[in-house]
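Number of protein chains: 2
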Amino acid sequence: MIRDTRICFIGDSFVQGTGDPEYRGWVGRVLAETRGDITAFNLGIRRNTSEDVRLRCWQEVLPRTLPDADNRLVVSFGSNDTVVEDGRVRVDPARCLDNLAAILDESRRRAIAPLVVGPPPVIDAGDAHARRTLHLADGMAALCRARHIPFIATTRALADHPVWTREAMAGDGAHPGAGGYRTLAGLVLTRQWHEWIARADQHRS
Amino acid sequence: MIRDTRICFIGDSFVQGTGDPEYRGWVGRVLAETRGDITAFNLGIRRNTSEDVRLRCWQEVLPRTLPDADNRLVVSFGSNDTVVEDGRVRVDPARCLDNLAAILDESRRRAIAPLVVGPPPVIDAGDAHARRTLHLADGMAALCRARHIPFIATTRALADHPVWTREAMAGDGAHPGAGGYRTLAGLVLTRQWHEWIARADQHRS
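Taken in sequence, the protein lines are chains B and C. Start counting the first sequence at 1; every next residue gets the next number (UniProt numbering). Start counting the second sequence at 1; every next residue gets the next number (UniProt numbering).
Worth flagging that the hints you see were computed from the coordinates, not collected in a lab. Be a bit skeptical, because a hint or two may be false.
As the list claims (entries may be wrong) - Beta-carbon label-pair distances, calculated as ranges: (1) Arg-35(C) with Glu-195(B): 38 to 44 angstroms; (2) Pro-21(C) with Ala-111(B): 23 to 29 angstroms; (3) Arg-56(C) with Gly-126(B): 35 to 41 angstroms; (4) Gly-126(B) with Asp-92(C): 56 to 62 angstroms; (5) Pro-63(C) with Arg-156(B): 29 to 35 angstroms; (6) Asp-98(B) with Arg-108(C): 37 to 43 angstroms; (7) Leu-62(B) with His-194(C): 34 to 40 angstroms; (8) Ala-146(C) with Gln-192(B): 50 to 56 angstroms; (9) Met-169(C) with Glu-33(B): 25 to 31 angstroms; (10) Arg-145(C) with Asp-98(B): 49 to 55 angstroms; (11) Gly-173(C) with Pro-162(B): 45 to 51 angstroms; (12) Ala-142(B) with Arg-88(C): 53 to 59 angstroms; (13) Leu-62(B) with Thr-190(C): 36 to 42 angstroms; (14) Gln-192(B) with Pro-21(C): 18 to 24 angstroms.
Claimed, not checked - Which residues of chain B face chain C? A partial, calculated answer using Cβ under 7 angstroms: (15) Glu-22; (16) Leu-31; (17) Ala-32; (18) Asn-42.
Stated by the list, open to error - From the derived model, a few chain B residues whose C-beta atoms are all more than 10 angstroms from chain C: (19) Val-84; (20) Ala-101; (21) Gly-126; (22) Asp-127; (23) Ala-153; (24) Pro-162; (25) Arg-182; (26) Arg-199.
All C-beta atoms, glycine included, are put in the ideal place defined by N, C-alpha and C.
Make a model of the complete structure from these sequences and hints.
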């Protein structure tokens, strides 16, 4: 039987692939390396925080699912939550985790199997932002672990990666080019991705 | 001055790039050949008719625009409208043109510059479907001409194109692979695309 797999990728500019001259991002590269015919939807929006994603999530995801399909949801945000604007972080880390939990729990209720990709670092945003994002990523990992939902960490690996950092600094300070997105795609592909894709009917688990 | 150009591509499976093993479609390929840093959003959904697109258009497009940006909208549908289901076409051609007119007029009212890409052929859908789609495409062209909105015809050129037809028949009968999407991207790029992209503040015209 051929499965009709439909995946919505929702999140921020990193999901969207901002800065990639090939307009593929990590999402397009991961899909191209995945077996099978996948119907994919990229719902990344620049500057989106977890709050923004939570607000629009089901309104945008539901018209892209089908009742009999193997529906999936990949969620990735956090790097904008930890940015300071007007003297405070855009979204408090506890609130970000609450947003993530709400999305994941609703996803399961709707029989849409979720996977979470951790927030990439914003290279030129300074050490305090880096620390906040790492801390938030650890919280997201723990939250996913408790729910047996795959979480793919990216923050530390990309902050230390010469291609990612060089391309980000040559660009707008946050977004890499094709090489950085290839690196991030590699992280996703070598962690839980293929196992998650292969798992059938996992939303009934 | 660097312009912040944001383009939403809204439509059906051909916009989405269904069947492309590289997950780039014609949209990704056109963007990769376009100068400048464009923020692009692919809002294609399989099986969508003009009716479906009209219903979700502003709800999905508006959160992706910014007040001071050069906001654009590329619309492409019609191939699903002309499909017969339960003994009748899914959307009547007059209604399809009404949907297109409503979207284009609203787009202008919102200062979002529009461009229309005509419906690609569905190779295995038979001669009657092909005739209906060609006729619909002519109606869309006339509607755009009357509004001075660029329209890029695709139906006839792709129905006659050996790469498009061969890949579609080797696939699901409707969607090509990478070569077909490259062909469609070529049509877009050699017609009004670059001129439309270069035009500044055209929405104020």
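Hint by hint, here is what the structure shows:
| no. | hint | verdict |
| --- | --- | --- |
| 1 | Arg-35(C) with Glu-195(B): 38 to 44 angstroms | 41 angstroms, holds |
| 2 | Pro-21(C) with Ala-111(B): 23 to 29 angstroms | 28 angstroms, holds |
| 3 | Arg-56(C) with Gly-126(B): 35 to 41 angstroms | 39 angstroms, holds |
| 4 | Gly-126(B) with Asp-92(C): 56 to 62 angstroms | 58 angstroms, holds |
| 5 | Pro-63(C) with Arg-156(B): 29 to 35 angstroms | 31 angstroms, holds |
| 6 | Asp-98(B) with Arg-108(C): 37 to 43 angstroms | 41 angstroms, holds |
| 7 | Leu-62(B) with His-194(C): 34 to 40 angstroms | 37 angstroms, holds |
| 8 | Ala-146(C) with Gln-192(B): 50 to 56 angstroms | 53 angstroms, holds |
| 9 | Met-169(C) with Glu-33(B): 25 to 31 angstroms | 26 angstroms, holds |
| 10 | Arg-145(C) with Asp-98(B): 49 to 55 angstroms | 52 angstroms, holds |
| 11 | Gly-173(C) with Pro-162(B): 45 to 51 angstroms | 46 angstroms, holds |
| 12 | Ala-142(B) with Arg-88(C): 53 to 59 angstroms | 54 angstroms, holds |
| 13 | Leu-62(B) with Thr-190(C): 36 to 42 angstroms | 38 angstroms, holds |
| 14 | Gln-192(B) with Pro-21(C): 18 to 24 angstroms | 23 angstroms, holds |
| 15 | Glu-22 | 5 angstroms, holds |
| 16 | Leu-31 | 4 angstroms, holds |
| 17 | Ala-32 | 5 angstroms, holds |
| 18 | Asn-42 | 6 angstroms, holds |
| 19 | Val-84 | 21 angstroms, holds |
| 20 | Ala-101 | 23 angstroms, holds |
| 21 | Gly-126 | 24 angstroms, holds |
| 22 | Asp-127 | 28 angstroms, holds |
| 23 | Ala-153 | 24 angstroms, holds |
| 24 | Pro-162 | 23 angstroms, holds |
| 25 | Arg-182 | 14 angstroms, holds |
| 26 | Arg-199 | 21 angstroms, holds |
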